[in-house]
Structures are given as structure tokens and as C-alpha cells.
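Chain residues, written in single-letter form:
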Amino acid sequence: MIFATLLAAFEWLQHTYLAEAIRHSAALIATLESIHLIGMALLIGTILMVDLSLLGHGIGRQPVARIARELRGWTTAGLAIMLASGPLILSSEAIRCYRTPAFWIKMLLLGMAVAFHFTIHRRVTMAEPPVARSSARVVASVSLALWVGVALAGKGIAIFQPTERPLANAHGSVGSRLRDALNYAAVHAERGAVGGRR
Amino acid sequence: MFLLSICQWLDSTPLNTLLRQSNWAFPALDTIHTLGIVLVAGTIMLVDFRLLGLGLRSVPIAQLVARIVPATLWGFGLMVVSGGLLFSSEAVKMYHSPAFRIKVTLLALAGVNALIFHRTIYRDVAHWDLQSRAPARARLAGLLSLLFWIAIIAAGRAIAYAPGYDLG
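Which chain is which? The protein sequence lines are A and B, in order. Using numbering that gives the first Met the number 0, read the first sequence as starting at 0 and increasing by one per residue. Using numbering that gives the first Met the number 0, read the second sequence as starting at 0 and increasing by one per residue.
If you are wondering where the hints come from, they were derived from the structure by calculation, not from laboratory data. There could be a bad hint or two in this list.
Stated by the list, open to error - Residues of chain A clear of chain B, computed beta-carbon distances all greater than 10 Å:
hint, residue
1, Ala8
2, Ala83
3, Leu107
4, Met125
5, Glu127
Unchecked claim - Short derived list, chain B residues pointing at chain A, Cβ under 8 Å:
hint, residue
6, Thr30
7, Leu34
8, Gly35
9, Val37
10, Leu45
11, Gly54
12, Leu55
13, Ser57
14, Val58
15, Pro59
16, Arg132
17, Ala135
18, Ala153
19, Arg156
For every residue, glycine included, the Cβ atom is placed at its ideal position computed from N, Cα and C.
My request is simple: use the sequences and hints to build the entire structure.
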């Protein structure tokens, strides 16, 4: 039920005027993807700096909280750039995204990364006095793993083909749908249905 | 032309055949290349922002550079190795791509900019290390670096989308 509504929403999105305009312009897509990547450089660069500090490889003897505070605005700017350009790119191929497991994996990881970033990660980086070294290391590793995961899944959207069967089968459980998606990826990797960016 | 014959030779090597025949080589190299470029641009931007007085203002510049440059070099290594392999998988096609030429030129300019910065004004960083805003020449280097890397990313995307031409 909910999946039928979701598919209808994605279909509507792809047929909006803006989405059609983007889809038919290679220049617009290339520009949006460039903006998306620049936002990503900003986001990953600043988060990497903070997480390296948490891992004990900070800048000189600068406290983590100071580095985190000074980079906070730029991390948010990077995220904002990505969240502004991402949905526009998505809209131009919404139905394809809907049918591509990598897209849903990216959304799941993105949700986790954002939630983690603004709660646990924020609290640990801003903690004064700093949290124990071991906890800081775990938090930094989870943060880096989540954001790199988001980036890899994003690349996966372009690499993996959409499934013939929609990911959201109204009769299947979440587990069976996930299994379908993974099976699909494995089968198609063998068959050589993996395309590049062109 | 000389460059074209090099590209034609590259397209005829066993390495090229290997890369083309594999379903995974291109997507995998493309992914590594993107991560590498994001790492380079993301870390260099931090230094650029610091030079321009837009971020990390309380951090001494030399300390920031010492910490960040190894990460930048790692990213650069990933980017160059994967980029070289991607190039050799379709050398003649890249020869005919204006976007590719622009990207290589921009990379060279970014390199020259960094080299000049490190060889000149950065030599006496000790004198302006703690200033929240660096001297004009260092700010210029930071601004140019920022613009070059944004343009490199855009040119990279254009390689994938812009058509090739017969450039002779």
C-alpha cells in the first residue's frame, strides 16, 4: 500500500516540469552533479578533519571541540549543498532510482549518517572535557564508515541497473525485498549488466 | 599527430583490453577516482578557507598544513593512479574530448599554483602563522586553489556528458 503511494509519488516527481527539463539537458545534469560533488568534498573534508582529531590525529594540540566548532558551519553548508542538488538529480530519473536497490541503500545510510552526525557525533565532538579516547575512536570510525558508505551507495546508483521487479513488493517483507535486491545485484554482476557512467 | 598516436597505441595495449573486457574495472576505478578527488578537494579546501580567513581561524596554518597534506597526497595518489587507468581504457576517446583537455590543463595550473605557494610565501609562514587572515599573496593562492578544484570537478563531470569532437 505504502509502496504503491511511494511509486506514484516518484512517477509524479519525474513528470514535473523541472525534472523533465533536467532530464533532457546533459549540461544541467553535469552541473548538478558537479555541485553535488563539491558539496560532498566540503562535507567529507570537514568531517574527516574532525574524525581524525577524534582518532588522535588532530591538528597539533588543538582540542577536538575547537576544530569541530570552527568547521561546523562548513559541514552544514556541504550537507545543504548536497541536499539541494541531490533531489533535483533524483527527480530527473526518479523511476529508475525507485527501482534501483543502491538508491534505497543510500537513503537508509544517509538517514543513519545524518541522525548520527547531529546527535551522538555532535555531542562527542563538542564534549568538554573530551570523552574517553576509546569512545572517541568508535564514534569517529562509525561516522567515517557511514559517510563513505553513503558516497559508495551513491556511486552504486549509477553503476547498478534498476530491477525489473520494483524493490517494493507489497506482499513481501522488508527482509525478502532486501534479499531480492542483493540477489539481483549478484546475478547482474555475473551477467555483466554493470554499466559505467556512459 | 604525436599525442594521437600515443593514445592509439594505448588503446591497443593488453592493459586496455583487460580494462575493457572487465565489467567491474571501469565502475571500480571510477568510484576510486571520485573518492580520491573528493579527498583532495575536501582537504585542500580546508587549507584554502584557512588562508582566506573563512575557517579554522584559531589554528596555526603550518600545523594545519602538516596535518592535512598527507591526506591530500593520499587522495592525489588514488586519483592519479585510477585516473591514469581510466584514461588508458579509452585514450583515443579522451583525445577527442575538449573537457578532458581542460581538466588536465586545470590540474597542471592547480599544481603550479600549489608549487609557487609552497616555494615563495609559505617559506616564511612562521611570520604569519597565527594571523587569522593570511597575507594577500597567500590569500590569492587560496582563492585560486579553491576555484581550480571546483573547475576540475566540473570538468571531470563534463568528460562524462559532453560530446567528443575531432580536434585534429
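Here's how the hints hold up against the structure:
1. Every beta carbon of chain B lies more than 10 Å from that of Ala8 of chain A, the smallest distance being close to 27 Å; the non-interface claim holds.
2. With 10 Å as the threshold on Cβ separation, the claim that Ala83 of chain A sits away from chain B holds: the shortest Cβ distance comes to roughly 16 Å.
3. The Cβ of Leu107 of chain A lies farther than 10 Å from every Cβ of chain B, with a closest approach of about 19 Å, so its non-interface assignment holds.
4. Look at Met125 of chain A: its CB is around 16 Å from the nearest CB on chain B, clear of 10 Å, so calling it non-interface holds up.
5. Residue placement check: Glu127 of chain A keeps its beta carbon more than 10 Å from all beta carbons of chain B (closest about 15 Å).
6. For Thr30 of chain B, the shortest C-beta to C-beta distance to chain A is roughly 5 Å, which falls under 8 Å, so the interface hint holds.
7. Restraint check, Leu34 of chain B versus chain A: the minimum CB separation of about 7 Å is within 8 Å; hint holds.
8. Against a cut-off of 8 Å between C-beta atoms, the interface hint on Gly35 of chain B is violated, since the closest Cβ of chain A lies about 11 Å away.
9. Checking Val37 of chain B against chain A by beta carbon gives a least distance of about 5 Å; that is within 8 Å, so the hint holds.
10. The interface hint given for Leu45 of chain B is met, as the beta carbon of that residue sits about 6 Å from the closest beta carbon of chain A, less than 8 Å.
11. Here the hint on Gly54 of chain B is kept, as its CB sits about 6 Å from the closest CB of chain A, short of 8 Å.
12. A hinted interface residue such as Leu55 of chain B counts as satisfied when its beta carbon comes closer than 8 Å to some beta carbon of chain A; here the least separation is about 5 Å, so the hint holds.
13. Restraint check, Ser57 of chain B versus chain A: the minimum CB separation of about 6 Å is within 8 Å; hint holds.
14. Interface hint at Val58 of chain B: satisfied, since its Cβ lies 5 Å from the closest Cβ of chain A, which is below the 8 Å cut-off.
15. The criterion of a C-beta within 8 Å of any C-beta in chain A is met by Pro59 of chain B, whose closest approach is roughly 7 Å, and the hint holds.
16. Because the beta carbon of Arg132 of chain B sits about 14 Å from the nearest beta carbon in chain A, more than 8 Å, this interface hint is broken.
17. Given hint, Ala135 of chain B at the interface with chain A, is violated; its Cβ is 23 Å from that chain's nearest Cβ, farther than 8 Å.
18. Of the supplied interface hints, the one on Ala153 of chain B holds, with its beta-carbon coming within about 4 Å of a beta-carbon of chain A, less than 8 Å.
19. For Arg156 of chain B, the shortest C-beta to C-beta distance to chain A is roughly 4 Å, which falls under 8 Å, so the interface hint holds.
The structure does not agree with the numbered hints 8, 16 and 17 stated previously, though it agrees with the rest.
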